[in-house]
Amino acid sequence: MAGNNPTPTEYIQHHLQNMTFGYHPEHGWSMAHSAQEASEMGFWAIHVDTLGWSIGLGILFLWLFRKVGKAATTGIPGGLQNFVELMVEFVDNSVKETFHGKSKLIAPLSLTIFCWVFLLNLMDLVPVDFLPMLAQKIGAMFGADPAHVYFKVVPTTDVNATLGMSLSVFALIIFYTIRAKGFSGFIGELTLHPFNSPNKLVQALFVPINFVLETVTLLAKPISLALRLFGNLYAGELIFILIAMIGLLQLPLHFAWATFHLLVITLQAFIFMMLTIVYLAMAVEKH
Amino acid sequence: MNLNLTLIGQAIAFAFFVWFCMRFVWPPVMQALQERQKKIADGLDTASRAARDLELAEEQANEMLRESKEQSAEILEQAHKRSNQMIDEAREQARQEGERMITQAKSEIEQEVNRAKEELRAQVSRLAIVGAERILEASIDEKRHGKLVDKLAKEL
Chain A
1 MAGNNPTPTE
11 YIQHHLQNMT
21 FGYHPEHGWS
31 MAHSAQEASE
41 MGFWAIHVDT
51 LGWSIGLGIL
61 FLWLFRKVGK
71 AATTGIPGGL
81 QNFVELMVEF
91 VDNSVKETFH
101 GKSKLIAPLS
111 LTIFCWVFLL
121 NLMDLVPVDF
131 LPMLAQKIGA
141 MFGADPAHVY
151 FKVVPTTDVN
161 ATLGMSLSVF
171 ALIIFYTIRA
181 KGFSGFIGEL
191 TLHPFNSPNK
201 LVQALFVPIN
211 FVLETVTLLA
221 KPISLALRLF
231 GNLYAGELIF
241 ILIAMIGLLQ
251 LPLHFAWATF
261 HLLVITLQAF
271 IFMMLTIVYL
281 AMAVEKH
Chain B
1001 MNLNLTLIGQ
1011 AIAFAFFVWF
1021 CMRFVWPPVM
1031 QALQERQKKI
1041 ADGLDTASRA
1051 ARDLELAEEQ
1061 ANEMLRESKE
1071 QSAEILEQAH
1081 KRSNQMIDEA
1091 REQARQEGER
1101 MITQAKSEIE
1111 QEVNRAKEEL
1121 RAQVSRLAIV
1131 GAERILEASI
1141 DEKRHGKLVD
1151 KLAKEL
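These protein sequence lines map, in sequence, to chains A and B. Using the numbering used here, you'd call the opening residue of the first sequence number 1 and step up by one each time. Using the numbering used here, you'd call the opening residue of the second sequence number 1001 and step up by one each time.
Each hint should be verified, as a subset may be incorrect.
Unchecked claim - Computed Cβ-Cβ distance ranges for the label pairs, DEER-style: (1) A:K104 <-> B:A1050: 32 to 40 Å; (2) A:G101 <-> B:Q1037: 21 to 29 Å; (3) A:G188 <-> B:R1049: 54 to 62 Å; (4) B:F1024 <-> A:G79: 37 to 45 Å.
Said to hold, decoys possible - In silico DSS-like links for lysine-lysine, alpha-carbon gap of 30 Å or less: (5) A:K200 <-> A:K102; (6) A:K96 <-> A:K221; (7) A:K104 <-> B:K1143; (8) B:K1143 <-> B:K1117; (9) A:K181 <-> A:K96; (10) A:K67 <-> A:K286; (11) A:K221 <-> A:K137; (12) A:K70 <-> A:K96; (13) A:K181 <-> A:K137; (14) B:K1117 <-> B:K1106; (15) B:K1117 <-> B:K1069; (16) B:K1117 <-> B:K1151; (17) A:K181 <-> A:K200; (18) A:K137 <-> A:K102; (19) A:K286 <-> A:K104; (20) A:K104 <-> B:K1038; (21) A:K67 <-> B:K1039; (22) A:K96 <-> B:K1151; (23) B:K1081 <-> B:K1069; (24) A:K102 <-> B:K1038; (25) A:K67 <-> B:K1106; (26) A:K102 <-> B:K1151; (27) B:K1106 <-> B:K1154; (28) A:K70 <-> B:K1038; (29) B:K1039 <-> A:K70; (30) A:K286 <-> A:K200; (31) A:K104 <-> A:K137; (32) A:K104 <-> A:K181; (33) B:K1038 <-> A:K96; (34) A:K137 <-> A:K96.
Calculated directly from the structure, the hints in this document are not laboratory data. Just so you know, even glycine gets a beta-carbon here, dropped at the ideal spot from N, CA and C.
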């Protein structure tokens, strides 16, 4: 646990604080030593742990798949190749079932989302104190106060990470809509649904209403995508932290929750991928 | 839970990973999958073709077997016929030979008989002459009366 026997509140708060590096109005570019400092940094700050784990796990995923892809034989595949092909075929089938347009991007995008999000979620199964304590020890070696070294291992419990991905997807949705239907088509999507009327005057009345409704619908897509993943993982992480506070009894509970959580992390990765495909399919298809 | 630069960093990392996956990961795996699919399809195709070939070959073999059986039966029959014919011919030949020998023997016998008759006639005529000489005691000249005696002998 962090520091000298913190209260449960402190313990939880400590666990939920990212390691932040950014521009502080008083200290300049530095590591944040408290949650307050981190929030004072405002937008110009980076969650080192989130980005570090994200990039590290992303590279792990790409390295693994690239290695298999380069060595892929058309003969009898070995163990790892089997696994990779299973994933690729699974994603490919999911894409083909849902997305009927032609795009070279969608399938690799989905594969990346699924594997990456899954790996990020998987960090949730690492015991909650293990990596933060390691980080504290390393931080102490560099002369930092262990109580002020923050380390949040699961990137998907950081809303920045999930929102970063979902906004990229959002950009793709808009790009695909415009590419498939033209800019006027995109505007039409926003203003001519769901109410329309053959009467020009009534239609003109409907346009602003439609615009408000459709804009909300459009914006709800990336936000719901990000918050769904974030919320599930954040809650799961929180329960792990709570379980970690109850002494020896935590072991069976941890096991039970981890088993259940294994389902959640896979499911959430799948949902994120599937919704991305569905949104992009909707963007391309005519109504 | 502050929104900060992490968001943009994550988006950039995401974009890079997707690009890398699209460029370097997806194509080789997909290619390997498709090639294997093609290979399996080819293999199945070849197998079914081979099965068809086998069936055809069996049919052909049966046909050939049937034909050769027929041929052998025919040959056997011909051989039978031929042997019968040969036996018949041999029998006929033997019969003819026998008959020929019999007629030859008969003609020889006849000749022998004729010659014996001739000889007998000559002897009889000589005997007659000798007898007449004895009777006429050389009054008859053999040369003068030879013709007469020959005539006599022929009448015998």
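Violated constraints from the hint list, given by number and in increasing order: Hint check: 4, 5, 7, 10, 11, 13, 15, 18, 22, 25, 26, 31 and 34 fail, others pass.
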